[in-house]
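Same order as they appear, the protein sequences are chains A and B. The first sequence begins at 1 in the numbering used here and counts up by one. The second sequence begins at 1001 in the numbering used here and counts up by one.
Hint data in this document are derived by calculation from the structure and do not stem from the laboratory. The structure displayed is predicted, hence computed values, not measured ones. Please note: incorrect hints may appear among the correct ones.
[Claimed, not checked] Now the in silico label distances, taken between C-beta atoms and shown as ranges:
1. B:G1186 to A:N340: 26 to 36 Å
2. A:E149 to B:G1186: 52 to 62 Å
3. B:G1215 to A:A283: 33 to 43 Å
C-beta atoms are modelled at their ideal positions from N, C-alpha and C, and glycine is treated no differently.
So the chains spell out like this:
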Amino acid sequence: MAVYLDHAATSPIRPEVLLRYTADLALVGNPSSVHGFGQRARMVVEDAREKLAATIGCHRSEVIFTSGGTEADNLAIKGLYWSRFKADNRRRIIISTAAEHHAVLDALEWLESHGPEDHRAELHLLELDANGNFDLSELENFLTERADEVALISLMWANNETGVVSPIAKVCQIAREHGVPVHSDAVAAFGHVPVHFAGSGLSLLTITAHKIGGPVGVGALIVSRDIELVPVSHGGGHERKLRSGTLNAAGAGAFALAASEVRATLTERAERDAALKATLLAAVKEIVPTAQITAENAETLPSTVHIRFTDCPGDSLLVLLDLKGIAVSTGSACQAGVINASHVMLAMGRDENAASECIRVSFGYNTTEGDIEEFLAALPAAYAGARKAGEAR
Amino acid sequence: MKVLAAMSGGVDSAVAAARAVEAGHEVVGVHLALSRNAGTLRTGSRGCCTIEDSMDAQRACNVLGIPYYVWDFSDRFKEQVVDDFIAEYQAGRTPNPCMRCNERIKFAALLEKALAMGFDAVCTGHYASLLTDDAGNLELHRSNEMAKDQSYVLGVLTAEQLSHSMFPLGKEASKADVRAEADRRGLAVANKPDSYDICFIPEGDTQDWITEKVGGKVPGQIIDVDGNVLGKHEGSFGYTVGQRKGLRIGKPAPDGNPRYVLSISPKTNTVVVGPQAALAVSELAGTRFSWCGVAPSQVNEFFDIGVQVRAHGEEVAAQAAVIGGELVIRVKEPIIGVAPGQTAVLYVGSRVLGQTTIDRTVSAVAGDLEALAENIAAGA
Chain A
1 MAVYLDHAAT
11 SPIRPEVLLR
21 YTADLALVGN
31 PSSVHGFGQR
41 ARMVVEDARE
51 KLAATIGCHR
61 SEVIFTSGGT
71 EADNLAIKGL
81 YWSRFKADNR
91 RRIIISTAAE
101 HHAVLDALEW
111 LESHGPEDHR
121 AELHLLELDA
131 NGNFDLSELE
141 NFLTERADEV
151 ALISLMWANN
161 ETGVVSPIAK
171 VCQIAREHGV
181 PVHSDAVAAF
191 GHVPVHFAGS
201 GLSLLTITAH
211 KIGGPVGVGA
221 LIVSRDIELV
231 PVSHGGGHER
241 KLRSGTLNAA
251 GAGAFALAAS
261 EVRATLTERA
271 ERDAALKATL
281 LAAVKEIVPT
291 AQITAENAET
301 LPSTVHIRFT
311 DCPGDSLLVL
321 LDLKGIAVST
331 GSACQAGVIN
341 ASHVMLAMGR
351 DENAASECIR
361 VSFGYNTTEG
371 DIEEFLAALP
381 AAYAGARKAG
391 EAR
Chain B
1001 MKVLAAMSGG
1011 VDSAVAAARA
1021 VEAGHEVVGV
1031 HLALSRNAGT
1041 LRTGSRGCCT
1051 IEDSMDAQRA
1061 CNVLGIPYYV
1071 WDFSDRFKEQ
1081 VVDDFIAEYQ
1091 AGRTPNPCMR
1101 CNERIKFAAL
1111 LEKALAMGFD
1121 AVCTGHYASL
1131 LTDDAGNLEL
1141 HRSNEMAKDQ
1151 SYVLGVLTAE
1161 QLSHSMFPLG
1171 KEASKADVRA
1181 EADRRGLAVA
1191 NKPDSYDICF
1201 IPEGDTQDWI
1211 TEKVGGKVPG
1221 QIIDVDGNVL
1231 GKHEGSFGYT
1241 VGQRKGLRIG
1251 KPAPDGNPRY
1261 VLSISPKTNT
1271 VVVGPQAALA
1281 VSELAGTRFS
1291 WCGVAPSQVN
1301 EFFDIGVQVR
1311 AHGEEVAAQA
1321 AVIGGELVIR
1331 VKEPIIGVAP
1341 GQTAVLYVGS
1351 RVLGQTTIDR
1361 TVSAVAGDLE
1371 ALAENIAAGA
């Protein structure tokens, strides 16, 4: 009777990945050691690197394993900013949007507020419309005027709250004409829409295992061969000296296996998710006619549904659904358990009130029609209760 | 019953929740986020508003096997407790923020939200007992553990609020028992220190905190009851009636006895000081009163009660009556340490009868000190 519809937060580990992962945890040897034990562990890592490279569309040496998405984003943004600034100290502008994941946003804000005044980054955040889309011509005009001062562009492939998909290939095309490298956080997109590194034109790409049925604690930054990064953490010089720290062989193996599984099942899952999403949205509109589907007319992930229920606090709705065993999310960041108004919705022009009246329902590889039915069955009572709680505010 | 357990992160609320679970209720733990900028770690004897406290509450819920959520009441807390606290100080009164928090947050905002979401009652770790009289009406009584009795701060509750309240620690608990029980139940907060201070004020400097909140210093005069100027202060809002320390007058009274704040006049920004004897009060009154449970049948003529004017104060014999919309309390023997803004809680035996916020006091010796301060300021 427990229904898990919060795969965008983390997705359950796939059974075959769990088997592989637990078996590899028993491996003896540091992948960097010279002896036979080390070589066998290294083989697991390098098999994984090759397999992941094939899945994501890059060269094996472009895969830098990290501890997850946050570390990869920090390495991408700080590493590229410092390297681009070092090569030419006019390059201090970073182009992004206010709807990025906090792993990106907070790294940007850190670069904007730390270090000597003339070393600090200057943020240029592209405006978002009500559907979460930015204007490509605004980007193009800005680059035409000031490309010499731009260190990098960082734009997520798909938004983790709303599921809105960015036109990454077009961004990269424009950026290339102006010689500006682009990073994309594809943590939310990977496994739900086709993500191909070489085909995208990106210089840097972030992915992580636990959103696609792999374990928590392993991710990767794909770093194009022609890109120089300044390392963020220092140590034994692992991963092309970009990411020191003992390699996580079992994690890498499990990540690569999960990645190849999602690649193999992508088309079929996308079709199934689109159908589940259509069913869900139609039923929600019937139950709550005033419900507003976020970015309904934009391109969104088939696996993510983001809805605003007017006059119905999202946190109360979440609690009432949870007490019925149904796990969804408000999508927004939570600090010490307090759910904040969604910064993504604020960036899309919603007011504080609207930004706190949303929930996100997200599907994963093992989501079934039955899960959707149970969610819909619990929704009317939870909605009514949360509305009342909203009036009591 | 579906019970919402308010979890501060302390040992009392954890054990109260545990007892509610054991009594067979369907319990959900909720921690109230009351500060917009919660500190990371607990410091000193403040005990409810840091992230560490919230983690303690969550851990207790995990151990009890009940769901746990954090509800954000920080906006309402700021408006109705913190801002009220500052406004009361500015008006020369001495507020009790814990009382306001119970009145406006825990048994109002939280209770309303809980009822809206389908809960039947709110459970807290207060030391007080709920009993039923012969007619089936709920009565709030002092805890058997007098040293920890918290019925005073619950005096603001109405019959309706009592009917949705649960105080599992009230009847038999002593603090030592509660700690031992927490330990037995595997609750890590068993040895967490008690909290005493006002949760939203950094340790020990109410005066500096208020000065900052009201936007800086406003110099004024400190005078005695004869109108002699004894010194200067940096804002009358920084003082409370009965205060002895921090007056910075420099010289003692002619008789060598310490001087106390007798009255504060925000209008003239004047602080009146005098001997302790002048603090004696014979009558207190307020228009903001309420009955805790069933109201007494005859309130227009003076009837015998006990009255307590501070959370950890003594109860003294008095008489009370409602006269012209004001609850008037006449104490049998003059009392000291009572100031406008404080709450007077009325008792009959161990039962809490009601309360009023004190608007005015009548000195047992001097006349109207506020009028005196105004006259002196006008003359000068």
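Outcome of the hint check:
no., hint, in the structure
1, B:G1186 to A:N340: 26 to 36 Å, "33 Å, holds"
2, A:E149 to B:G1186: 52 to 62 Å, "59 Å, holds"
3, B:G1215 to A:A283: 33 to 43 Å, "54 Å, violated"
Hint check: a violation occurs at hint 3 only; the rest are consistent with the structure.
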